[in-house]
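Number of protein chains: 6
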Amino acid sequence: MNTRLDTGKEMLKQVNGQAADDVMKSLRDIAPDVGKFILEFAFGDIYSRSGLDLKQRELVTITSLLTQGDTEGQLKVHIQGSLHVGLTEKQIIEAFIQCLPYVGFPKVLNAIAVAKDIFAQNKN
Amino acid sequence: MNTRLDTGKEMLKQVNGQAADDVMKSLRDIAPDVGKFILEFAFGDIYSRSGLDLKQRELVTITSLLTQGDTEGQLKVHIQGSLHVGLTEKQIIEAFIQCLPYVGFPKVLNAIAVAKDIFAQNKN
Amino acid sequence: MNTRLDTGKEMLKQVNGQAADDVMKSLRDIAPDVGKFILEFAFGDIYSRSGLDLKQRELVTITSLLTQGDTEGQLKVHIQGSLHVGLTEKQIIEAFIQCLPYVGFPKVLNAIAVAKDIFAQNKN
Amino acid sequence: MNTRLDTGKEMLKQVNGQAADDVMKSLRDIAPDVGKFILEFAFGDIYSRSGLDLKQRELVTITSLLTQGDTEGQLKVHIQGSLHVGLTEKQIIEAFIQCLPYVGFPKVLNAIAVAKDIFAQNKN
Amino acid sequence: MNTRLDTGKEMLKQVNGQAADDVMKSLRDIAPDVGKFILEFAFGDIYSRSGLDLKQRELVTITSLLTQGDTEGQLKVHIQGSLHVGLTEKQIIEAFIQCLPYVGFPKVLNAIAVAKDIFAQNKN
Amino acid sequence: MNTRLDTGKEMLKQVNGQAADDVMKSLRDIAPDVGKFILEFAFGDIYSRSGLDLKQRELVTITSLLTQGDTEGQLKVHIQGSLHVGLTEKQIIEAFIQCLPYVGFPKVLNAIAVAKDIFAQNKN
Numbered sequence: 001m002n003t004r005l006d007t008g009k010e011m012l013k014q015v016n017g018q019a020a021d022d023v024m025k026s027l028r029d030i031a032p033d034v035g036k037f038i039l040e041f042a043f044g045d046i047y048s049r050s051g052l053d054l055k056q057r058e059l060v061t062i063t064s065l066l067t068q069g070d071t072e073g074q075l076k077v078h079i080q081g082s083l084h085v086g087l088t089e090k091q092i093i094e095a096f097i098q099c100l101p102y103v104g105f106p107k108v109l110n111a112i113a114v115a116k117d118i119f120a121q122n123k124n
Numbered sequence: 001m002n003t004r005l006d007t008g009k010e011m012l013k014q015v016n017g018q019a020a021d022d023v024m025k026s027l028r029d030i031a032p033d034v035g036k037f038i039l040e041f042a043f044g045d046i047y048s049r050s051g052l053d054l055k056q057r058e059l060v061t062i063t064s065l066l067t068q069g070d071t072e073g074q075l076k077v078h079i080q081g082s083l084h085v086g087l088t089e090k091q092i093i094e095a096f097i098q099c100l101p102y103v104g105f106p107k108v109l110n111a112i113a114v115a116k117d118i119f120a121q122n123k124n
Numbered sequence: 001m002n003t004r005l006d007t008g009k010e011m012l013k014q015v016n017g018q019a020a021d022d023v024m025k026s027l028r029d030i031a032p033d034v035g036k037f038i039l040e041f042a043f044g045d046i047y048s049r050s051g052l053d054l055k056q057r058e059l060v061t062i063t064s065l066l067t068q069g070d071t072e073g074q075l076k077v078h079i080q081g082s083l084h085v086g087l088t089e090k091q092i093i094e095a096f097i098q099c100l101p102y103v104g105f106p107k108v109l110n111a112i113a114v115a116k117d118i119f120a121q122n123k124n
Numbered sequence: 001m002n003t004r005l006d007t008g009k010e011m012l013k014q015v016n017g018q019a020a021d022d023v024m025k026s027l028r029d030i031a032p033d034v035g036k037f038i039l040e041f042a043f044g045d046i047y048s049r050s051g052l053d054l055k056q057r058e059l060v061t062i063t064s065l066l067t068q069g070d071t072e073g074q075l076k077v078h079i080q081g082s083l084h085v086g087l088t089e090k091q092i093i094e095a096f097i098q099c100l101p102y103v104g105f106p107k108v109l110n111a112i113a114v115a116k117d118i119f120a121q122n123k124n
Numbered sequence: 001m002n003t004r005l006d007t008g009k010e011m012l013k014q015v016n017g018q019a020a021d022d023v024m025k026s027l028r029d030i031a032p033d034v035g036k037f038i039l040e041f042a043f044g045d046i047y048s049r050s051g052l053d054l055k056q057r058e059l060v061t062i063t064s065l066l067t068q069g070d071t072e073g074q075l076k077v078h079i080q081g082s083l084h085v086g087l088t089e090k091q092i093i094e095a096f097i098q099c100l101p102y103v104g105f106p107k108v109l110n111a112i113a114v115a116k117d118i119f120a121q122n123k124n
Numbered sequence: 001m002n003t004r005l006d007t008g009k010e011m012l013k014q015v016n017g018q019a020a021d022d023v024m025k026s027l028r029d030i031a032p033d034v035g036k037f038i039l040e041f042a043f044g045d046i047y048s049r050s051g052l053d054l055k056q057r058e059l060v061t062i063t064s065l066l067t068q069g070d071t072e073g074q075l076k077v078h079i080q081g082s083l084h085v086g087l088t089e090k091q092i093i094e095a096f097i098q099c100l101p102y103v104g105f106p107k108v109l110n111a112i113a114v115a116k117d118i119f120a121q122n123k124n
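Protein chains in written order, with the UniProt record's numbering: chain A, 1 to 124; chain B, 1 to 124; chain C, 1 to 124; chain D, 1 to 124; chain E, 1 to 124; chain F, 1 to 124.
Note that these hints are calculated values from the structure, not bench results.
Any given hint could turn out to be false.
In this list, chains with the same sequence are indistinguishable; a pair is considered to hold if it fits within one copy or across any two.
Cut-off 30 Å, straight-line C-alpha distance, at most; resulting in silico cross-link-like pairs (BS3-like, lysine-lysine) [unchecked claim]: (1) 9 - 90; (2) 36 - 90; (3) 76 - 36; (4) 13 - 90; (5) 90 - 55; (6) 36 - 123; (7) 36 - 55.
Work the whole structure out from these sequences, hints included.
Set out below in C-alpha cells:
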C-alpha cells in the first residue's frame, strides 16, 4: 500500500481534480515520475499537513506563482483550485493586490489576466 | 488632512511599529519620499483594504518575499509583523513549507533561517 | 478634486494614451482599483516627479521590464511609450544591448522580438 | 580574418545549425550586432573553450534556461542542440528532474512541455 | 523500514556528508520535517535516480543555484559536493563561465567568489 | 594589437577605474578569462558603442542590477560608476524610485541602502 500516493491523490482531488488528470496525462509518456512526485511529494507530503488549512495553502500557492512569474499554466490550475477549496473571487484578486507593493504592477497584471479568464470560463 | 498618510501610519503600527520607525529613519536623508510611499501606498492604500484580514495579508507578504529572494531585511520586518497580527510561529514555518513544491529548497531554507533568528530574538 | 488621479491621467497620456485606455478597460470589471493605483501611484506619484525626464524614465522602465522577464504585455506598452516620449528605435535597441553583460542573451532576445513587432506595426 | 566569428559559426553549427540561421535571420534588420555577439562571444569565446565537452555545456545551458524562466524560445534551440551534441532524450528529462529540489515543479513542468514538443517534432 | 530516508542519507553522504549534518542540525528545532524532505525527496527520490551520474547531477545543481541567485549557502554545500563526487575545480569554474551568455556577469561573479572561498578553505 | 581589450580597458577606466582593478585582481588566480571577457565584451564591445551616452548606459545598468536582485557588489561598482560618468546622486535615487511600480519596494530599498553607503563613503 502506497499511503503517500493515496494521500496525494485524495488531496489533489480536493484542490483541483480535473487539472490533476490533465497534468498526469500530459506527463504520462515523457516524464511519468514527475507526475508521481507531484502526487506523493507536493500533495501527499505537503498539502496534507496540518498547521494551515487548504484555503491558506492555496493563498500561499497563488502568491508564490504570481511572484515567480512565467507560471500561467500553474496559475490556472491553482486559481481554479483556490475557488474549489472555498476562496472567493474577491479574495483571490485581493491577494494579488496585496502583492503590488512587493512585486510591482507587471506580475500582478499578469495574474489578474489569468484570473479573469478562469472566472469567465466558470460563468459559462 | 492627509488621510492616506494617517491610515498608512495606523496600519503599519498594527503590523510592525518598531520596524516602521527604523525604515523611515534610514530613508530620511536619502529618499524620504520612498518612506512616504510605503506609508501612503503600501499601508494606506493596500493594507487597509477589506477582503482579506491582516493575517492573510501577512501570509501573502511573507510568501512573496520568500519567493522573490534577496529580501532578508524585509522578511525580518514581516515575520515579526506576521507574529504581531496573530499568526503563530508554526503557521509561518508551515507557509514556508507550502512553498517547497513551488520554489524548491534553497529559498525555503533561506526564509527559515531568517525566521529562526527572529523567533530566537523574541525569546530573549 | 483628486489631484493624483488627474496628474496620473495626464502623465499616462503623455507616455502612452492608447495603451492606458486598453489596460483600464481590461481591469474595469475584475480589479478597477488596480487601474486606479496605476494612474494615481505609478503615473500620478512617480512619473510626474522631477529629477529625471520622461525619456530617462522610460529607459529605466523598459530596462526593468526586460530584466525581470515574463513582461511581454508591459514591454509592448512601454516600447510604444518610449517612442512616444522621444526615444528613437535605435536608442531602445541600444538599451537592450546594454543589458547583455548583465542579464545574458535570452532576455535581450525576448525584448528585441517585442520591439520588432512594435516597430513593424508602427510602419503600417 | 575574424577568428572569433569563424570559431563561433563553427561551434554554433555543431550545436544547432538550423536554429542559428533562424536567429540570425530574425535579428538581421533590427539588431544584427546581437547576432554577431552570439556568434563571437557565446559560441566563439565560450562554447569553444576546453574544460567541459559540448554535452556538459548543453547540460549547463538547458539547466540555466529552465531555472531563469521565460525562455521557451531558447529552450527549444538548446533542447534540440542537446540532442545534436549527443545527450539522449532521457538525459535531458533527467536533468530537468534534477532541478526539482532547487526550483520546484512549475519551471520543471514548463521545460518538460517544451521538450515534449521538440521530441515529438523530431519523430515526424 | 524507511527506504527513501535510508537512500537519501546514503546519497547525501556521497555528495556532502559534513554539510548534511550541519543543515539537519540547524533545522532540528525549527523545521525538522524540512530536513526529512531534503533526505527523502531531494536525495532519496531524485539524486538516487539513474540516467545521470552524480557528476552530472552536481553540474545541474550548481548551475541552477548560480542562475537563481541568493543561494550562497547552498552553493557552498554543492561546490564542495561537486568536488566530492569528482568534478575538478577547473570544471566547476568552467560551468560557471558557460553560464555567462545566459545570465550575464553579476551572477557568475557571485558564484566564482563562493568557489574561491571553498577552494581556498580546502587548501588549508 | 588587441583593440577590443584596449578599448575595454579605456571604457572601464572612464566608468570606474578603481573597481576595475579590484575585480581583475580578485579574478586573477581563479578565473582570469572572466576578467578578460569583462574588459573585451562588456566594456570593449558594449560600453564603447554609440547610440547611448555613458550616463544613459549607467542608468540602464543600475536599473538592471536593481531589478535582478542579489547584486550588491555590482551595484556598488556601478553606483560609483554612475557618479563618475556624471549622473547626480539625485538622479540615481530617482532612477531607483522609477522602478517602484515595476518591481515593488523590497528591491528598491535594497538598492537605496547600497547607494547610501556609497554616497556616505564619498563624503569622507
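Comparing the hints with the structure gives:
no.	hint	result
1	9 - 90	both (28 Å within a copy, 26 Å between copies)
2	36 - 90	between (33 Å within a copy, 17 Å between copies)
3	76 - 36	both (20 Å within a copy, 25 Å between copies)
4	13 - 90	both (23 Å within a copy, 26 Å between copies)
5	90 - 55	both (13 Å within a copy, 16 Å between copies)
6	36 - 123	between (32 Å within a copy, 26 Å between copies)
7	36 - 55	both (24 Å within a copy, 25 Å between copies)
When each numbered hint is compared with the structure, no violation occurs for any of them.
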